[in-house]
Amino acid sequence: MNAMQEQLFWELRKTQLEILKSLKNKQKNEWMIPILEDELADISTAIQKLEEGNFGQCEASGEPLPEHLLKNMPTIKSSKDSDNLEHFYKKTINSGFF
Numbered sequence: 001m002n003a004m005q006e007q008l009f010w011e012l013r014k015t016q017l018e019i020l021k022s023l024k025n026k027q028k029n030e031w032m033i034p035i036l037e038d039e040l041a042d043i044s045t046a047i048q049k050l051e052e053g054n055f056g057q058c059e060a061s062g063e064p065l066p067e068h069l070l071k072n073m074p075t076i077k078s079s080k081d082s083d084n085l086e087h088f089y090k091k092t093i094n095s096g097f098f
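Under this note's numbering, the first residue of the sequence shown carries the number 1, and numbering increases by one thereafter.
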């Protein structure tokens with residue numbers, strides 16, 4: 001693992017433990033449970049890829065994914081996943097609205 005991958009590994013591991021704790025303690029609303037379980041599965045897959053040495057490869061083409069995408073979304077599986085990222089970014093509120 002390179003330095004970036006090692007940092008992502010520990011961040012993913014920390015997030016994994018936080019989600020497991022939340023699921024175990026049922027601290028989230030019922031509607032959140034499937035979302036947390038899906039995120040946990042994606043995190044587990046990314047951790048496994050890091051451990052096996054194939055992290056950062058597009059699952060569709062096998063080509064390396066851009067490092068900036070991996071840093072921002074370490075659970076990304078293919079370059080196609082990045083096509084709709086703008087829908088997930090927080091939108092600013094137009095100051096003229098108020």
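Honestly, the hints are just simulated from the structure, not real lab data. Nothing here was measured: the structure is a model prediction, and the numbers come from that model. You may find that some hints are simply not true.
Stated by the list, open to error - Calculated pairs, BS3-like style, for lysine-lysine (alpha carbon to alpha carbon, straight line, at most 27 Å): (1) LYS71 with LYS21; (2) LYS80 with LYS24; (3) LYS49 with LYS21.
Of the numbered hints stated earlier in the document, which are not met by this structure? Violated hint (a single one): 2; every other hint is consistent with the structure.
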